[in-house]
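Kindly generate the complete structure, drawing on both the sequences and the hints.
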Amino acid sequence: MTGNFFYFLTFLTLFAAIGVVASKNPVYSVLFMILTFFALTGHYILLNAQFLAAVNFIVYMGAIMVLFLFVIMFLNMREDTEQHKPMLSKIAAAIAGGILFVVMIAALKDVNTQMMQPAVFDSQIGMVENLGKVLFKDYLLPFELASVLFLAAMAGAVMLGKREPGEQNRF
Amino acid sequence: MELDILLIKGLIIFAVFGITLLIATYSTYAERKVAAFIQDRVGPNRAGPLGLAQPLADAVKLFFKEEFVPANANKFLFIAGPSLAMLTACMSSAVIPFGGTLLIGGEYIHLQAIEVNIGILYVFGIVALGVYGIMIGGWASNNKFSLLGAIRAASQNISYELAMGMSIIALLLVTGTLSMRDIAAQQGQEMFGVSGMNWNIFYQPVGFLIFIICAFAETNRVPFDLPECETELVGGYHTEYSSMGMGLYLFAEYVNIFVASAVMATLYFGGYNFPFMNQLGLPHNVVTILGTVVLFAKIFFFIFFFMWVRWTLPRFRYDQLMNLGWKILIPLSILNVIVTGGAILLKAELF
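Taken in sequence, the protein lines are chains S and L. Be aware that the first sequence starts at 0, since it is given in numbering that gives the first Met the number 0, and climbs by one per residue. Be aware that the second sequence starts at 0, since it is given in numbering that gives the first Met the number 0, and climbs by one per residue.
I should point out that these hints are in silico values taken from the structure, not numbers from a laboratory. One or more hints might be untrue.
[As the list claims (entries may be wrong)] On the chain L side, residues computed to face chain S include the following (Cβ under 8 Å):
id, residue
1, I113
2, E114
3, N116
4, L120
5, F123
6, G124
7, A127
8, L128
9, M134
10, W138
11, A149
12, A153
13, S154
[To be verified] In silico DSS-like cross-links for lysine-lysine, where the CA-CA straight-line distance does not exceed 27 Å:
id, chain 1, residue 1, chain 2, residue 2
14, S, K23, L, K143
15, L, K60, L, K74
16, L, K326, S, K161
17, S, K136, L, K346
18, L, K64, L, K143
19, S, K23, S, K84
20, L, K297, L, K32
21, L, K74, S, K132
22, L, K64, L, K32
23, L, K74, S, K23
Predicted model only: the values in this text are computed from it and were never measured. For every residue, glycine included, the Cβ atom is placed at its ideal position computed from N, Cα and C.
Here it is as structure tokens:
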């Protein structure tokens, strides 16, 4: 049952991910990307990482992809207005992507694929309480440093969006 | 045994789904009656006794209208938009506990469709998805007014989701759990010797205020219904829709109102708990059924509140809406989180 579900989700993920690259219409690309994130959320639930699943769902599907869709709709990009890239850059992109794929296969070839050990395996590790304890006890410093990084990015965004002193108020 | 549990679960899920749709149906009738009451009119009174068959008549009318798709619209997405709006609206009532436990044949049965230990996050995630239906439908119509409505819906939802999330975080600091069932059960404890009165509203009044304002914005109700503002945008995101496409959008709004009311009643107003619930000395099952009745009374009050506000307040201007969201609600909700955290620490130090 769970195994079949995994294959279904994997099929959905790959199908949607290929759809993101292959579709001509930018809005379809974004919708396929939302589907990809939806399938990935399913994978997280299969791994018993409920909190990560919920966060992936809320942050990526619910917020970031809405902004993507927002920008693409605002620019009103459609199939006929999309610029077609020259053949050379398409071939270059395919080769670069293919090389990345080869590197990934080479890296994954020697990976230790031993089964999970029931004696040391904790199925509750992905629950909210356990994740919180790990984040705020064992990895407090990296966690706080990451939040400083976010703050810096936010301040940068506000600075970029701020009006210059001489600029007119547009509203 | 296994089959029994599946059967009971299936029945409960079916019942929750049915109740959600039924209440949403009669909300359309209630809205007209409330509007009529506030404006000193009679309201619908032709179809059936007291006009009670009015929702049915509306549904028949919408079904028999022509399903019109504009010439240059994206046909697939034009149909997918209202369907998605309806789907996401119906999904979130699954985790709401509609009552305590019923004791049948020595077994405790929870009156809740599914229990997930991240219940609040589930509701929050589904609410966040709700905007896709509006955005996709508005874009696919290939109409400038629809597109503007869709874009307004997107920016409004993102802005108010932040403040809503912050007010939920402050609530979670108080309750210490993400499960809707546990949050509802916690509020049944004693407060000053009265059982069933440990409601979160007494701990989080500011959080509730922020939450209810954001709930109005997320359900696109007046005074935040700028995506369908007819004075500026003809009909907003559903300008081009007719027949059931339009019907699904309108219906999804009422389902959203029901879910938002149920979430507010469960998170802040004690859920299915009522004062003196354990001191009356009633049997377990009677208390549970009374609790469900009380919960629905609370939900109906909030639905009435949504309508009351709609027929009382004018709509915001768009820049006022953004200022309220970003410059007032978000700082206030962050302050609320800090004050709540400080109060919890202080209580742990002193007592």
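For this session: Enumerate the violated hints, using their earlier numbering and listing them in ascending order.
Result: 1, 2, 21
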